[in-house]
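2 protein chains.
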Amino acid sequence: MSAEPLFETVCLVGIGHICSSLALALRRHSLARRLVAFDIDPDACRIAVEMGLVDIASTDPAEVVPGAGLVVIGVPVGAMKGVGETLAPHLTPGTIVTDTGSVKQAVVRDLGPAIPVGVHFIPGHPIAGTEFSGPASAVEGLFIGRWQILTPLPGTDPAALERLTTLWQTIGSNVELMEPCHHDRVLAITSHLPHLIAYTIVGTASDLEGHLQQEVIKFSASGFRDFTRIAASDPVMWRDIFLNNREAVLEVIQRFTEDLTALQRAIRWGEGEILQEKFTETRAIRRAIIDARQA
Amino acid sequence: MSAEPLFETVCLVGIGHICSSLALALRRHSLARRLVAFDIDPDACRIAVEMGLVDIASTDPAEVVPGAGLVVIGVPVGAMKGVGETLAPHLTPGTIVTDTGSVKQAVVRDLGPAIPVGVHFIPGHPIAGTEFSGPASAVEGLFIGRWQILTPLPGTDPAALERLTTLWQTIGSNVELMEPCHHDRVLAITSHLPHLIAYTIVGTASDLEGHLQQEVIKFSASGFRDFTRIAASDPVMWRDIFLNNREAVLEVIQRFTEDLTALQRAIRWGEGEILQEKFTETRAIRRAIIDARQA
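Protein sequences appear in the order of chains A and B. The numbers in the working numbering rise by one with no breaks, and the one at position 281 of the first sequence is 281. Throughout, the working numbering is defined as the position within the second sequence, counted from one, plus 295.
Think of the hints as simulated: they come from the structure by calculation, not from any bench. Please note that the accuracy of each hint is not assured.
Stated by the list, open to error - Covered by chain B, according to a simulated footprint, are these stretches of chain A (three or more residues, beta-carbon under 8 Å): (1) 45-58; (2) 109-116; (3) 217-226; (4) 285-293.
Only a predicted model underlies this, so the values are computations on that prediction, with no experimental measurement involved. Glycine included, every Cβ here is placed at the ideal spot set by N, Cα and C.
With the hints as extra help, turn the sequences into a complete structure.
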């Protein structure tokens, strides 16, 4: 290595899709001299080591957490509290702890109290990922050109924040700072509602009688298919997101339902102008996404 | 050309996304000696000729329709009736007339009565297309590996059906025969509901105050983006689909709303097991789509 790595040891907690992809990125950019993992699943540990994602992986935090300069927690949001309590005795002052959870207020609430004094807790959320799960689903370059949202709490050490920012920027992410509450509201619209809708529509299809269901699969390219990818996302992860961002999600469901009812009524009464006007507005949003290079 | 083309002259009526892509496919496979187009929009006619999609394009059906062995009508479903009446005086016995409309019962109802005796009317629907419109959006190979649904009426001439089937198969489509009523029910689920939902969710986002809307665009990769592509589809085409497949669409909206309400309730009351179970079921559908090579 030409330069000193940013961290001596990085410990990945929960070696699933995000942390395993992060391991690939950290290796590629030589950001850690040593990569270790803690996971309660021995199979995940074995696969992570066999794939060369990390140097050591253990189901015992005492073996891998102490001495890590950075700990990245990539577990479902509902597991944060328990993981925080498990990690706490092994964390040493000066360590940076971050997470990859899709909800931020609940993580601050659940993980925050467990973090010992002197340990820098900086919640984060990479807007990246596929519908796949587990260490074997690691994707090279997953974070390139994607957003990394960090929601530092009041009084966060600026040097720790800068080091974590540098890490994400080095692996290709664009770092954005946000309030946890604002994060949860924005993501309820951009991510949680779309996933809930996708789960619903795919669920509606899966309740159809057998023959009709086969045809839905056969002719899925006509629109349905676009929804099935995100409805194949990890069930536990998504259960936890909805349970832990309840208020914001219920509010956007309400808005969505009102809007759907308005279109339903226009269809029932044959009000073509209302439909055409609404469908014309939505084209502009797609264009804005393409212009923002997020398409 | 080594062999005789399947048709001497093919006339494309409404030279938009589907018919212009069909023109490319017909040329590539030498399926017509002469390609002509009728469109009420002089700009579309000009572009279609300039791009070399067709040999002649005219806003006057008398100039292009007579003598065509195959007429393919690719206009919004709501325009079928008027187009049928316009074309009727120029159609000659033996000609095959087909369409590309996304609804089939309404097309049979609106177009059928206008077709003169001796002309073979075989309604069709290619399950293909992008969110783009107009002749300039022609896509090479658009129909390869996609389904072409034909909904022949009782008493359809078998030779005419076979010729039309051969045409679609030659350009790479898989041809499926179906009852118009069954087609409309299947497509209400696989295509019409997904589009309505996508239009709704993107519409919900476009009603947000300016700052929040900018953030929705910025962080759209988190799920929202998957919906915006289909919500950018042609507004008039989709207005007509909803107005002309009203019963089937209203029925699936009803099912969808019930299912969404059940999930909403589970979120409100913190019923994690219900959520996890539902989200696990939907993964199986995605897997089936991948297995059916429609992903």
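Checklist entry - Hint numbers the structure violates, sorted upward? => result 1, 2
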